[in-house]
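Asker: Sequence:
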Amino acid sequence: MVTAPLLLRSVWALLVLALLGAVGVAAAQGAPTTALRPALSGEQRTLTLPGFGAVAYAADPRGTGRPLVLLHSVNAAASAYEMKPLWDLYAGQRPVYALEWPGFGRSARPDVPYTPAQMTAALSALLDTLGPLESGVDVVALSLGSEFAARAALADPRIRRLALISPTGLGRARGEPNPNTVRALRAVSGPLYAALRTRPSIEFFLGRSFRGPVDEGLLNYALETSRQPGAVYGPLAFLTGALFTPDAYGELYARLSVPVLVLYDQDAFTSFERLPELLGRPGVQAVRIEGTDGLPHFERPAEVKAALDRFWSESR
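For the sequence shown, the positions run -28 to -1, 1 to 288 when mature numbering (1 follows the signal peptide of the UniProt record, and there is no 0) is used.
Calculated from the structure, these hints are not laboratory results. You may find that some hints are simply not true.
[To be verified] Subject to a maximum C-alpha distance of 25 Å in a straight line, what follows is the list of computed SDA-like cross-link-like pairs (lysine to any residue):
| no. | residue 1 | residue 2 |
| --- | --- | --- |
| 1 | LYS277 | GLY255 |
| 2 | LYS277 | PRO254 |
| 3 | LYS277 | GLY108 |
| 4 | LYS277 | PRO248 |
| 5 | LYS277 | ASP219 |
| 6 | LYS277 | ARG288 |
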């Protein structure tokens, strides 16, 4: 939903305001809640990721057919709530599972390095937990979650089809994280994140992903999840660029052999300039969901579902 380089230009302005006391940081630094309510219906489960700890996921095993795995994006206030429209549409029709990435949502949030490999390991651990999966799974991923899903699909044959909503990594190749920027962000991570998690800040960034009004439920949940103990650590890795693949197109997307659907329109935080190149590869298609920004499944859920169902009916 939000890519780090574009976010940073607004982040530094927010930090200055925070240090001046102009965005209500003191209020945001109140005692955090100790238990986050579930973002989605269904069973609330956890798995243990070696070297990390508890990773949360929602499960609704009802229905028939190939299991569906939903993957949210990564940003300052990310959670599985970002996939709620699709969860609500498919729960009960087919088995549905929604992972919460390490460091986000109801998953553990320790002060450890966060990397793309770790995120991919969490997805693979979820698939291990779900059993034999003889028919494999379909995956729908949002924004930066698309890079993690593509990385997993390159190594895990259980992922049979990928649908990517407003994916990152289809623009120009990125450089490696700048060490000076990383050090600077770490040095001010406390006041910086306190500024980012205020209602005006979260509403501002979400507003750039909606053509119409911001979904109130998503906004409120973003405020809740950003106030959990340890909430700063995952977003800090995002802000420093540590969670992005430098050349996601060449390293990930261009190497995929599974059927791929890209759903997109406009996105203030990412570019799709290499999408035509990706569409030249076998098994790749795209559907433009007109009149939307980075969250088309919130603003045009029926159109998104129709595109997904058509993709799944036409591919194996």
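Asker: Kindly indicate which numbered hints from before are broken by the structure, ordering the numbers from low to high.
Answerer: Those not satisfied come down to hint 5.
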